[in-house]
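J.: Fit chains B, C and D to the known structure of chain A by using the hints.
Spelled out, the chains give:
4 protein chains.
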Amino acid sequence: MAIVLGPNQYGKAEVRLVTVSRSGPVHHVKDLTVSTSLRGSLESTHLTGDNADVVATDTQKNTVYAFAKESPVGEIEDFALRLGRHFVDSFGHISGARILIDEHGWDRIAVDGKPHDHSFSKAGNEKRTTAVTVDGDRAWVVSGLDDLVLLKSTGSEFHGFPRDKYTTLAETSDRILATAVTARWRYQGSDGNWDIDWPKSHHEVRRIMLETFATKHSLSLQQTLYAMGEAVLEARSEVAEVRLSLPNKHHFLVDLKPFGLSNDNEVFYAADRPYGLIEGTILRDDAEDPGLAWHTLPTF
Amino acid sequence: MAIVLGPNQYGKAEVRLVTVSRSGPVHHVKDLTVSTSLRGSLESTHLTGDNADVVATDTQKNTVYAFAKESPVGEIEDFALRLGRHFVDSFGHISGARILIDEHGWDRIAVDGKPHDHSFSKAGNEKRTTAVTVDGDRAWVVSGLDDLVLLKSTGSEFHGFPRDKYTTLAETSDRILATAVTARWRYQGSDGNWDIDWPKSHHEVRRIMLETFATKHSLSLQQTLYAMGEAVLEARSEVAEVRLSLPNKHHFLVDLKPFGLSNDNEVFYAADRPYGLIEGTILRDDAEDPGLAWHTLPTF
Amino acid sequence: MAIVLGPNQYGKAEVRLVTVSRSGPVHHVKDLTVSTSLRGSLESTHLTGDNADVVATDTQKNTVYAFAKESPVGEIEDFALRLGRHFVDSFGHISGARILIDEHGWDRIAVDGKPHDHSFSKAGNEKRTTAVTVDGDRAWVVSGLDDLVLLKSTGSEFHGFPRDKYTTLAETSDRILATAVTARWRYQGSDGNWDIDWPKSHHEVRRIMLETFATKHSLSLQQTLYAMGEAVLEARSEVAEVRLSLPNKHHFLVDLKPFGLSNDNEVFYAADRPYGLIEGTILRDDAEDPGLAWHTLPTF
Amino acid sequence: MAIVLGPNQYGKAEVRLVTVSRSGPVHHVKDLTVSTSLRGSLESTHLTGDNADVVATDTQKNTVYAFAKESPVGEIEDFALRLGRHFVDSFGHISGARILIDEHGWDRIAVDGKPHDHSFSKAGNEKRTTAVTVDGDRAWVVSGLDDLVLLKSTGSEFHGFPRDKYTTLAETSDRILATAVTARWRYQGSDGNWDIDWPKSHHEVRRIMLETFATKHSLSLQQTLYAMGEAVLEARSEVAEVRLSLPNKHHFLVDLKPFGLSNDNEVFYAADRPYGLIEGTILRDDAEDPGLAWHTLPTF
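Chains as they are written, first to last, in my numbering: chain A, 347 to 646; chain B, 347 to 646; chain C, 347 to 646; chain D, 347 to 646.
Take these hints with a grain of salt, some might be off.
You can't tell identical chains apart in this list, so a pair holds if it fits in one copy or across any two.
Restricting the straight-line Cα-Cα distance to at most 25 Å, the calculated cross-link-like pairs of lysine-lysine (DSS-like) are [unchecked claim]: (1) 603 x 376; (2) 460 x 562; (3) 468 x 376; (4) 595 x 376; (5) 603 x 415.
The set of hints was computed from the structure by calculation and includes no laboratory data.
Chain A extracted, bound-state conformation (with noise of 0.2 Å):
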């Protein structure tokens, strides 16, 4: 028996990145979270302490704010893939790399109802995401999208379940269905090269989630998280895969019998903990073999 080391990988988590492109007086800002890691043969540094291979993970930080600089940051895919892409081709003991980046949106402020020029008002707290993975050759593009919370008042039931000796939940008709989304979706290819309207895909994916969410009658948040996967790639080719984790933000109604009161479905209490949690995947079944797309990343 030898101990030996297994996977690994480092880089600098959290770079916080903000833009602002002035070419004339319309400005536009791009507001960014970006973490970076490299892998490859990095046994020198476990074993001895010797750093002839460790890229720093303070030049990876300067990377992403000159990189920012060299040419327009553009989409976060494409930004993703140009950084991946250089840690990998510049160093020799570094073959592999995963960037992950999240966008935080800013809206313009109205002023007289027009937007301004330079003002901006933070978006919410929904961020859209990508996790790119470079190895040698290779790379994939898995984005995403983080809290996005969503709510419907009606059209949700949940029945027909087991019942064994420690189940006491009542059977329903009508439910309010409250989840917080974490979508994560794989794109098809793996070359490097891709042709992909990388913010249409974002807004479509996003706009068929909402839809699906909010139209499909709800037997269960497992059916409701299928079809929001399914409707994605039943209409964006490009899609090879969606993963979804959604959290079942309990709203539970409050018992008003004590004080003479009925409650028609109206009054509830919006409970933290504990929360039910349904995560799964929706695929093609000739979807390309994912490789390395997922690896590390929180899996559901």
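T.: Only chains B, C and D this time, still in chain A's reference frame:
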């Protein structure tokens, strides 16, 4: 010398209340976090543990839920006044109440471009707030908003500040100015009778602050703060006083010279800590005495 | 009617300062979060953007770091007094300062049962705090602690409270009592000259509160609160006043009857929200007027 | 091409369970956060909303509470195994379960120097964790700890790293090294029969990691990470594999030269973001295949 009980209050914090108004197919959702505090002659429980005067915090919570059913919640200011008045009028030893309500916004999901009847997405982190204080026959209303995050990419300078031996900051005639507005405004009047269109007042105060932030050329965040409050007072006669807490969310220009790159206000590092914190009050010089309006509220 | 500037202050919040005292092989670490606020004649910057009186918050931050080197930081109360005095004495238009410091504890790692010279593990979330206010020649010291989380599994009752139409809570003669102590205590004196052993005073106040919580049979959390403050004032003559904010972190007995099981105070659900919140002041009836000691501090 | 359901799981997250063992005057408190996830043939609910195979997450929660009464909770590994085995054995369509448990520590309050019978203070943020996966007849145990925050004020260097056009970091032979350890270790065996003293194993793994962090002179955080895992594997034969995620919590030396001051590793700025993040696996080269031990766990 004797040891005595000084000011005190107690209550139930963060009651999560969601109501659905279902008269017809178009539902309306209200999502509130309610905190109640009672004040009065509470020596007995403190000194001897005799709870004859202690309206249980569980009862306070129940009252919030029951009131939400007994008549429509309506505007948070009105709901808070009803709750506060109830506690003070119902229990002999309770002479005062403070009710805090945060309202969380929800937007309707658009389906085929039209707002859905009963499906919603969360509107972001910004909260509409109120803090109502009832004391005997009197009452005060302090409304506000939290977490309105703003940024302007130009139109902000900072120079002319004193330089001592510890000063290293460079003067600037062009910087990013970013903040997260916490605003509280006190309404005129304390006799318990208001004839104010609360949502319109909130909407207008918010609009005025946003427009002022956007359009006021800033020589300091203090100047911006004062201008925001002044504009509110000039336009809204129902407001006696505005208090603002504005963190200066620093966006530092990244030094790209080591990489042979210029940085003409294009690439920034958004810092977390430390941050500047500018807090101030703007008021009418003939404003009514605030009484207990601000008592135990975060003051700034 | 005119619109005027009311109370205001500004400064740098959450300066993270870690110092290492390295005189000899045994190192000592001090880990502080320092926030500074200045007050004074600050109309110019608010009204016109003239910053001639605005000590930049960046300068305030620099001063914190420089002072940490110029002489040993020492106790947080002394360091805060030095900083506050410096700002008020150095700048003509600055008449007041408020310095907040949180101290984060570190324990030495034990190696072979002996404390290591220069390796430490964080001591938990509890913080030692101080809030020093300087105004002209006077100064006040309010020290405290945050996030001291306590629980007793018996020795707590709650009954005898009034029952109205909204009351459903059962009386209990045995419950879990749990809280997270936020304590603030004001020291006697305001002339800027204290002869107090700050760490010993902090240690003793903390010990007394802990022992009182543990041993005082509780008929209400209010009674426990008062007893904790009273015990501090009885034992520590340097303390004029104690303020406590005690959330009632509810532990609800789980109803196991549906499963044919009893539950004799054995199995609990620890709830997050809502929670009770009990806040009160215990003071000497001959305590010196607090002056500005509590100004803009969270009051409860 | 068809669209199909891929890997999925669902359950109840963050069930807060506190038990009090009251046999005699000396009480014992156990404070756990339990998350359950079930896997199996769950196509029906996803595709049609037929919930005949869906053990309700509410039932899962009830089961946690009932099991805590039916027999003593004991060690978290054993409790998780009992829960996981129950779900897989009780429901035909459920073939797998993953149970996550975090244990939060409590210390006895000292009164007159002696530990109190039934009063406790929270021991800090560090958590003992386990992740148990049951699949058919097999089971895996991955235990760990979170939020063990460590710092050494000397005994850490970093130099010899490659310098490209984006490198500005200075080499250092003496720096603060600080991290917050997330550790997971997989136990040998998967037949569901362990004869391991879980608390002793946890205690020893933790002790070894602490002592290694303290005493190992560090040329890189990677070297420290490897040394910590290697020391565990050398001493604890029951452990097959160790995974560590170590943020490099940067403490930057403050430049005091502008103030005419030296800074011989005495005054530091503790930064929040960005941070380095070093993640790695140390394992026995003859370790049993991990099977599903790590499936859907955060991997690093």
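J.: Take the hints in turn and mark each one as holding or not.
T.: Structure-based check of all given hints:
When the C-alpha separation of residue 603 and residue 376 is checked against a cutoff of 25 Å, the pair qualifies only between copies, where the shortest distance is 22 Å, while the shortest distance within a copy is 52 Å. For the identical chains of this complex, residue 460 and residue 562 are inter-copy neighbours only, at 16 Å across copies versus 36 Å inside a copy, given an alpha-carbon limit of 25 Å. For the identical chains of this complex, residue 468 and residue 376 are neighbours both inside a copy (11 Å) and across copies (22 Å), given an alpha-carbon limit of 25 Å. Taking CA atoms no more than 25 Å apart as the test, residue 595 paired with residue 376 passes between copies only; the shortest distance there is 16 Å, against 31 Å inside one copy.
In this homomeric assembly, residue 603 and residue 415 come within 25 Å of each other (Cα to Cα) only across copies, at 11 Å, whereas the closest approach inside a single copy is 64 Å.
In summary, the structure agrees with every hint in the numbered list given earlier.
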